[in-house]
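Visitor: Position chains H, D and B against the provided structure of chain U, taking the given hints into account.
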Amino acid sequence: MTDVAAPVIAFRGVGVTYRKGPVWNRTEVPAVGAVDLEIAAGETLGLVGESGSGKTTLGRVALGLIRPSRGEFLIEGRPFDPAIRREGALSVVLQHPEWALNPRLRCGVSVAEPLTIRGDLDRQARRQRVASMLERVGLDPGFAERYPGDLSGGQRQRMAIARALITEPRFIVFDEAVSALDVSVQAQILNLIRELQAEHRFAAIFISHDLAATRYISHRIAVMLKGDIVEVAPARTFYDMPAHDYSRALYATIR
Amino acid sequence: MIALASARLGRFFRRDSLGLLGAVLLLVLLILGIFGDLLPLGDPNAIGAGPRLGAPSLAFPLGTDDLGRSYLPRVVEGIGVTFLLSAIAVIITAVIGTLLGMAAGYLHGATDHLIARIADILFAFPALLFGLLAAAVIGPGSIAAIVVISTATIPLFIRVVRSVTLSVAEREFVVAAVVSGASTWRVMLVHLLPNILGAAIIQLTYALSVSMIIESALSFLGLGVQPPAASLGSLLRLGSVYLTIAPWLVLAPGLVLAAAIMSINLLGDAIRDALDPLRGRSLK
Amino acid sequence: MRLIYFLAPRLLIAAITMFGVALLVFLSLRLIPGGYADIVLGPFATGAARDLLIQRYGLDEPIFVQFGKWLWALLQGDFGNSMVTNKPVIDEFLRRAPVTGELAILTLLLALAIGLPLGVWSGLAEGGAGGKGRLGRLVGALGASVPDFVIGSAFIFIFSKWSLGLKVGGFVPLDQGLWDNLKTMILPTVSLSVFAIALFLRTTRDAVLRVMTDGHILAAVARGQRPRDIVRHHVLRNAAIPVVTVTATYFGFLLGGAVIAEVLFSIPGVGYYIFSSLEERDYAVVQAGVLLAAFVFVSLNMVADFAYALIDPRIGAARSGT
Amino acid sequence: MTAAVDIRDFVVAYETGGGAVFALDGIDLAIGAGETLGIVGESGSGKSTLGMAIGRLLAPNARIDAGDILVAGCSVTTSDDETVRRLRRERLGFVFQNPMSALDPTMRIGRQVALAMEGTPDTAAVERLLVRAGLDEPGRVARSFPHELSGGMAQRVVIALAIARNPQILIADEPTASLDASIRDRILDLLFAMRAETGASLVILSHDLRMIVHRCERVIVMYGGRIVEMGESQAVFGSPAHPYTRALIRAAAGNEAPGEQLDPIPGVPPVLRAPSADCAFAPRCAHAAERCRRERPAERAVGGSRVACHFAEEIMAASGTAREVAE
Numbered sequence: 001m002t003d004v005a006a007p008v009i010a011f012r013g014v015g016v017t018y019r020k021g022p023v024w025n026r027t028e029v030p031a032v033g034a035v036d037l038e039i040a041a042g043e044t045l046g047l048v049g050e051s052g053s054g055k056t057t058l059g060r061v062a063l064g065l066i067r068p069s070r071g072e073f074l075i076e077g078r079p080f081d082p083a084i085r086r087e088g089a090l091s092v093v094l095q096h097p098e099w100a101l102n103p104r105l106r107c108g109v110s111v112a113e114p115l116t117i118r119g120d121l122d123r124q125a126r127r128q129r130v131a132s133m134l135e136r137v138g139l140d141p142g143f144a145e146r147y148p149g150d151l152s153g154g155q156r157q158r159m160a161i162a163r164a165l166i167t168e169p170r171f172i173v174f175d176e177a178v179s180a181l182d183v184s185v186q187a188q189i190l191n192l193i194r195e196l197q198a199e200h201r202f203a204a205i206f207i208s209h210d211l212a213a214t215r216y217i218s219h220r221i222a223v224m225l226k227g228d229i230v231e232v233a234p235a236r237t238f239y240d241m242p243a244h245d246y247s248r249a250l251y252a253t254i255r
Numbered sequence: 001m002i003a004l005a006s007a008r009l010g011r012f013f014r015r016d017s018l019g020l021l022g023a024v025l026l027l028v029l030l031i032l033g034i035f036g037d038l039l040p041l042g043d044p045n046a047i048g049a050g051p052r053l054g055a056p057s058l059a060f061p062l063g064t065d066d067l068g069r070s071y072l073p074r075v076v077e078g079i080g081v082t083f084l085l086s087a088i089a090v091i092i093t094a095v096i097g098t099l100l101g102m103a104a105g106y107l108h109g110a111t112d113h114l115i116a117r118i119a120d121i122l123f124a125f126p127a128l129l130f131g132l133l134a135a136a137v138i139g140p141g142s143i144a145a146i147v148v149i150s151t152a153t154i155p156l157f158i159r160v161v162r163s164v165t166l167s168v169a170e171r172e173f174v175v176a177a178v179v180s181g182a183s184t185w186r187v188m189l190v191h192l193l194p195n196i197l198g199a200a201i202i203q204l205t206y207a208l209s210v211s212m213i214i215e216s217a218l219s220f221l222g223l224g225v226q227p228p229a230a231s232l233g234s235l236l237r238l239g240s241v242y243l244t245i246a247p248w249l250v251l252a253p254g255l256v257l258a259a260a261i262m263s264i265n266l267l268g269d270a271i272r273d274a275l276d277p278l279r280g281r282s283l284k
Numbered sequence: 001m002r003l004i005y006f007l008a009p010r011l012l013i014a015a016i017t018m019f020g021v022a023l024l025v026f027l028s029l030r031l032i033p034g035g036y037a038d039i040v041l042g043p044f045a046t047g048a049a050r051d052l053l054i055q056r057y058g059l060d061e062p063i064f065v066q067f068g069k070w071l072w073a074l075l076q077g078d079f080g081n082s083m084v085t086n087k088p089v090i091d092e093f094l095r096r097a098p099v100t101g102e103l104a105i106l107t108l109l110l111a112l113a114i115g116l117p118l119g120v121w122s123g124l125a126e127g128g129a130g131g132k133g134r135l136g137r138l139v140g141a142l143g144a145s146v147p148d149f150v151i152g153s154a155f156i157f158i159f160s161k162w163s164l165g166l167k168v169g170g171f172v173p174l175d176q177g178l179w180d181n182l183k184t185m186i187l188p189t190v191s192l193s194v195f196a197i198a199l200f201l202r203t204t205r206d207a208v209l210r211v212m213t214d215g216h217i218l219a220a221v222a223r224g225q226r227p228r229d230i231v232r233h234h235v236l237r238n239a240a241i242p243v244v245t246v247t248a249t250y251f252g253f254l255l256g257g258a259v260i261a262e263v264l265f266s267i268p269g270v271g272y273y274i275f276s277s278l279e280e281r282d283y284a285v286v287q288a289g290v291l292l293a294a295f296v297f298v299s300l301n302m303v304a305d306f307a308y309a310l311i312d313p314r315i316g317a318a319r320s321g322t
Numbered sequence: 001m002t003a004a005v006d007i008r009d010f011v012v013a014y015e016t017g018g019g020a021v022f023a024l025d026g027i028d029l030a031i032g033a034g035e036t037l038g039i040v041g042e043s044g045s046g047k048s049t050l051g052m053a054i055g056r057l058l059a060p061n062a063r064i065d066a067g068d069i070l071v072a073g074c075s076v077t078t079s080d081d082e083t084v085r086r087l088r089r090e091r092l093g094f095v096f097q098n099p100m101s102a103l104d105p106t107m108r109i110g111r112q113v114a115l116a117m118e119g120t121p122d123t124a125a126v127e128r129l130l131v132r133a134g135l136d137e138p139g140r141v142a143r144s145f146p147h148e149l150s151g152g153m154a155q156r157v158v159i160a161l162a163i164a165r166n167p168q169i170l171i172a173d174e175p176t177a178s179l180d181a182s183i184r185d186r187i188l189d190l191l192f193a194m195r196a197e198t199g200a201s202l203v204i205l206s207h208d209l210r211m212i213v214h215r216c217e218r219v220i221v222m223y224g225g226r227i228v229e230m231g232e233s234q235a236v237f238g239s240p241a242h243p244y245t246r247a248l249i250r251a252a253a254g255n256e257a258p259g260e261q262l263d264p265i266p267g268v269p270p271v272l273r274a275p276s277a278d279c280a281f282a283p284r285c286a287h288a289a290e291r292c293r294r295e296r297p298a299e300r301a302v303g304g305s306r307v308a309c310h311f312a313e314e315i316m317a318a319s320g321t322a323r324e325v326a327e
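Protein chains in written order, with our numbering: chain U, 1 to 255; chain H, 1 to 284; chain D, 1 to 322; chain B, 1 to 327.
Hints were generated in silico from the structure; no laboratory data involved.
Just so you know, even glycine gets a beta-carbon here, dropped at the ideal spot from N, CA and C.
Where hints are given, some of them may not hold.
[To be verified] Residues from chain D shown here face chain H by an in silico Cβ test under 10 Å; the list is partial:
1. Leu11
2. Leu23
3. Gly47
4. Ile217
Just chain U, with the same shape it has in the complex:
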């Protein structure tokens, strides 16, 4: 179901190396070796691996928060530059609901923030856009006036998703977006992401140590081990017998 149009997102030989230790004996720590990946519009690529596998680092490269030491990261064929952010082409949903929204701002203001930064809509249009987006993520538009402190974890994460979608981005990074939620609420958010992707056709990376959730939400899954991708395959194969033995061992834990 993923069309074969130009990939929205492309990693071309992307590698990241951290420098560590005091000035006189710098040591190089390769966080990401060399990654080649492409993600088409409307497609979610799952990125799984244990802590230290480099999956979060790769996510940060995709958000422009880290510059790759090697290779290139392209959005719609263009190398990353800050202007892309202001257009609202890119957004992120992160792990901890209690810090997803600025506790001192009303939720409506936080959700509208990407629009305010892009600055092409007036206040009334922004307010209207927020109201419809809240409804779309299953929240009463009246919640726009509330402070994050008054919402449950699941509701705050829905707000974060509303904010991520408000500028119709081309690409969203979900970094452990459901890991801190309870099982019953997790399913709500996973289904919501699926529906919204079908409707908005954004490309997405779903980073998580939760193999079951990743398998459910992703079209394809990349398994990372110590900075390298050991296997990329459609999610379906992870329901029975993935090829690489590390993937097999990993998925055996949720058999």
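Guide: Relative to the frame of chain U, chains H, D and B by itself:
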């Protein structure tokens, strides 16, 4: 946003009597300090209004000074001067300290190191000795006092704000703002500043109490407020000449000064417990 | 190995800080009203004599050259000569240092002896039920509110009216009998230590409270360890770092010469000397005094940094990667 | 034989800024000696409060409103501090979620383990205990500080600390939640091996129903501060009798077949402001009827399990067709 904090504070004061004591004491002193001259306390400058070095009496509740002036209105005026000077110094500290602290905490790299070194250098000067140097350079007076107070309180302010900024900057909503293209200024003013105000306010109250101590110490050494103006510290200085024969000239301003600093310390503790409650646990 | 990783940069930072302090002090003296030159040469030097003197003191050289020479002299312990006695300033400071040192050590010991136990008790009490902890907070707030010169004045008044065996003022050096010396040091020490006790009490109380919320304390309680052992083994050490910081900072302040206590009780210490020099416009002494105090302060902070690394093994440990 | 832990009608509330919040709303439970019991519940279900209450380790703002807990016949709520302390030392062992925060960062591991053991053990005894906990370089581990260990190794040390005095009851609160998947199984193997070796009862608190059912003999499902279903693991998982248990199984990712849609539980977890007079799950329950919103369901025996639901029989019948557990 302020409503959120004040509601919590209101609820808190009902439970914490110490905080309430501090707040009431501070309010009384502020009213005296600001509206003192409107109150019927006598004319602070009327020389010979009473006997020289007269003991406290009904006519002169705090006695009279070496020129026979009623001491009560002079002390009340002293409260005003002390608070005003300390407040000016602390506001300067708060503004500079918050901006530099936020910049250091959020921008990392060279900015962080530069600001940290500036803080270290200012921190290395013991307040009173720096006061002597400042008095030598710009001459004793209110300006010198303000410079000394700010120099003594800014480093700690920068360190506190920097450490809070470091933790707030890692929060998800800041990362999200950056990803959606927010400029550095916007991140600092819209996202960081409101979330570090709590820690800044707590540090402000402690800076205010330290500032009143330094101001009165400088004035006591004759380096702070210069005559005819008189802060509590200067009154202490003038009074100490007659310490053994007219002790009220020293004890009155001394006690009032202690009460003022105490009220701020109690208020600071209460605010800190309201905004950042440290409920330990029993070891039983 | 870990300590060297941690301390080497600290040493560099301390050097940079001291350089900054020296630069600030050097420049500030250049801003003295009436021009530094007039002060050094004295207001009466005129015409040719003045030019000759300017030549000799090198005041016409570019400012950074003067600074270079001044700094170089400083590094060799030459803090310049007093403008009044024209003798090296450093000798006078070394002569008076033991007096200020004694006052500082006495005050610090008294403050630690009372402030720390009270702070630990107040932190533990606040942790448990009941308002006992609030007493600690009240004492802390009270102590921190009464400046030392107010207490000092009160002592002078009381002890001069009814001299209860303690002499006010008139310092007796240590070598002329311990008890006589102590008799003159008790009052300044106590008036200084009231604030110090409050400072240590509040710092320790907050540190203990913060440690009590740590997970490993709950784990120790869950293992049924005796409260006494939990405090001894776990609480004290984890609460030590903020206490070490405040000890080093406050001791640095005291070693800079508690100006007011020395002036009030006429203790011939470093602080008194700098203050009286200011009145005689002997700026060389003021300059040297501030530099020495700052130098002591920075080195004490270095000692504190070293103590952190000993107390908390995480400090200075190489940070792990991603 | 007397139960290792006997909990009767236990109610706990927390004093918060915004009034009282009830964490436990009447718990009745007996934990048998040597039993492996899993307590499943989401955040706010009260499972951690229950686990901590067994050792009277509740937060300062907790208030025990009713009921009692007897550990080896001794009341945890009314006994004096010294008795409870000895109880914790000799009978109870706790394993916490985050191993790094359960160890003193400023003290070497060997010393911390020695402090937890009986009397003053020598290094050989300490290293023996570390080996028992599955650490293959006991000497190096004993000399290192907590921050120098990996998550898995640190949790092994925490387990060693918990079994140092051969407790009768081991309580593990989300023991593997903060660990990587591959280490998780090995840590659980260790926990169950320690239980078998010492004959202690093991209580595991977790949000992971599959893991609990897979490993524990008996399972308890908690919701809104109450036990909603309790019974033999396979029975409860195979044919759940409470709507919440059934919905939990259907909502959890990992049970579904490829391409099958997950069935989320609508609404948000409850916050109890007072003991509930109705069924706390009613607002989110597909089978809720008028009776559920009026009458608090009593806990009763239904087909080998104990369930707190008025319509347990119908649910069990309907769920009989629930997916078989892929063994």
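Visitor: It remains to establish, for every hint, whether it holds in the given structure.
Guide: Cross-check of the supplied hints:
{"no.": "1", "hint": "Leu11", "verdict": "13 Å, violated"}
{"no.": "2", "hint": "Leu23", "verdict": "9 Å, holds"}
{"no.": "3", "hint": "Gly47", "verdict": "27 Å, violated"}
{"no.": "4", "hint": "Ile217", "verdict": "7 Å, holds"}
Checked against the numbered hints listed earlier, the structure breaks hints 1 and 3; every other hint is satisfied.
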